[in-house]
Structure formats: C-alpha cells, structure tokens
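Colleague: For reference, the chains in residue letters:
2 protein chains.
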Amino acid sequence: MQPHYNLWIEIDGQVVLSLWRAELLRAVARHGSISAAAERIGIPYRTAWQKIHEMETRLGRKLVETQTGGSHGGGARLTPTAALYLEQFDRFAHDLDRFIAESFAANFHLPD
Amino acid sequence: MQPHYNLWIEIDGQVVLSLWRAELLRAVARHGSISAAAERIGIPYRTAWQKIHEMETRLGRKLVETQTGGSHGGGARLTPTAALYLEQFDRFAHDLDRFIAESFAANFHLPD
DNA sequence: AGGCGTTATGATCATTCATCATAACGACAA
DNA sequence: TTGTCGTTATGATGAATGATCATAACGCCT
Numbered sequence: 001m002q003p004h005y006n007l008w009i010e011i012d013g014q015v016v017l018s019l020w021r022a023e024l025l026r027a028v029a030r031h032g033s034i035s036a037a038a039e040r041i042g043i044p045y046r047t048a049w050q051k052i053h054e055m056e057t058r059l060g061r062k063l064v065e066t067q068t069g070g071s072h073g074g075g076a077r078l079t080p081t082a083a084l085y086l087e088q089f090d091r092f093a094h095d096l097d098r099f100i101a102e103s104f105a106a107n108f109h110l111p112d
Numbered sequence: 113m114q115p116h117y118n119l120w121i122e123i124d125g126q127v128v129l130s131l132w133r134a135e136l137l138r139a140v141a142r143h144g145s146i147s148a149a150a151e152r153i154g155i156p157y158r159t160a161w162q163k164i165h166e167m168e169t170r171l172g173r174k175l176v177e178t179q180t181g182g183s184h185g186g187g188a189r190l191t192p193t194a195a196l197y198l199e200q201f202d203r204f205a206h207d208l209d210r211f212i213a214e215s216f217a218a219n220f221h222l223p224d
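As you go down the protein sequences, you meet chains A and B in turn.
Residues 1 to 112 (our numbering) make up the first sequence, in order.
Residues 113 to 224 (our numbering) make up the second sequence, in order.
To be clear, the hints were calculated from the coordinates, so they are not data collected in a lab.
Ideal Cβ positions, reconstructed from N, Cα and C, are used throughout, including at glycine.
Do not take every clue at face value.
[Unchecked claim] To give a feel for the contact side, a few chain A residues facing chain B, derived at Cβ under 7 Å:
#, residue
1, Gln2
2, Leu7
3, Trp20
4, Leu86
5, Gln88
6, Asp90
7, Arg91
8, Phe99
9, Ser103
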C-alpha cells in the first residue's frame, strides 16, 4: 500500500511538462539521441518523438536540437531553454517526493 | 501556466484510491445514491458503479452499502471503513495542495 | 557509390474508457 | 393485488486515445 503521484504543468489546459516527459528529456540529454533515449526508457521511437514534438508546439519553443545524417546518423541535444526547464522541474519534483512520503506516513493509517 | 497533480494509492500495482475516486465517494455520501452522485459529477452511472466495484474488489472491503428497490428505488451510503479512508485521504490531499502551490511559486520561474 | 544509424512522418492496430441499453428489486399507491 | 417509479446491477457496443509497425530522407564515412 503505497502513495503514488503525478505532477505536470499545463498551458491552456494542455500538458507541456510532466514527470514522465522530464525523464524523457533527461534521457535525450544523457544519450545524445532521441532513439537511444526511447530505447532506454522502453518506448518506441515514434512515441518519444511525438511527445517531444507535442511539448515544443504547445510551448512554442524548441526544446531539442536535432540533426539528421552524419557519421553516427545524427543525434539530438537539449536547447538551453529545455535544460533550464528540466532543472527547475526536477527540483520541484524532488521536494514533492519528500513531502509526500512524510505526509503519507503522518496522515494515513489504515483501519486494521 | 499552472501546476497540476494527481495523487493515488496502489496495492500490488493497482489503484485503490485517487483524487477522483475520493470525490466520487464523497458525492455518494452526500447524495445517498450512486446514480445521483454520478449525475452530479457528470459521468454515466455505469462508470461510477464500475469504479466503486473496482475499488472494493481490489481492497477486499465493502465501501458502499447499497439497497435496491424501496420507496425511493434504493440508495447507497458509505461504510464506516470508506468514511475513514476518505477522511484521511482528504486531509492528505489538502496538505499536498497547499505544498504544491507554495513549492511551484518558489522553484519555478520561466525563462523569459 | 553504397552502407549505416539517425530524424521525421504516414498508417494501422490494440486497448482502454465512456456510453447506451436492459433486467431485477422492493416500497408505496391505487 | 397490481402497476409505477427510481434505484442497483450488468451486458454490449462505440469512440478515442495511445502504442506499434513501416517507410522516406538525410549526411558522413569507408
């Protein structure tokens, strides 16, 4: 019996960032490509690309700088904007994670 | 640009309580029937009943005491167990709501 | 010139969720 | 006693979302 949560940010009712999306961006930054990030997380490349594209259009900002062709076939890396978003969101999520663990233990006691 | 969240509790990877489900239980308690609660929330009766049934089977406890037929056709009310769960969950959710508003304001500043 | 791994995007499939429809029930009134 | 009404309970269907498969384009390197 464990508490779970999700956290996301909306603009005009549309999700532009979430825990899962942040993890995706982090994986892109770490591996240098969308395809490697997708494989690492365990989702199809198509899904990863769609989510990133969705975030970009909703935010109206470029989050990932991509490049096709080349010695390793291409790649992707975060824009400075994306890196900043990600850093702030991670801090936020980290604080929340601690709070939830504490508050659940303090407030929630099962009846038998 | 606003933060949103969901909060739920799982047992063996299955959801047994969530913000939305808590609202449903609250509506049942307030209106005295599942159908009235469903109409109030704006979902079909079938959906409401399914969710409640799902919670009960997953928890292995009866949450809603129902009655068919009778002067008003029947009705439903929360069991003491459900009332206790609901009360604790609501307190938890309320604390979380305040924390998120504060933490978001403190941590999240947009680039331009 | 050809191969390779990547981005980009169309098309299809599956799974979940919402909705419609129907049966059973029991108090009350006629 | 019989019919009506609003509820619970459950089967069956439809819609929408998300995951997955398949294909084209690109550019460096051998």
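Colleague: Take the hints in turn and mark each one as holding or not.
Modeller: Results for each hint:
1. Gln2: holds (6 Å)
2. Leu7: Given a least distance of 5 Å, the restraint on Leu7 (chain A) holds.
3. Trp20: violated (12 Å)
4. Leu86: Nearest chain B Cβ about 11 Å off; hint violated.
5. Gln88: With Cβ-Cβ at 5 Å, under 7 Å, it holds.
6. Asp90: Violated: closest Cβ of chain B sits about 10 Å from Asp90 (chain A), beyond 7 Å.
7. Arg91: OK, holds: Arg91 (chain A) within 7 Å of chain B, min 5 Å.
8. Phe99: holds (5 Å)
9. Ser103: holds (5 Å)
Hint compliance for this structure: hints 3, 4, 6 are not met, and every other hint is.
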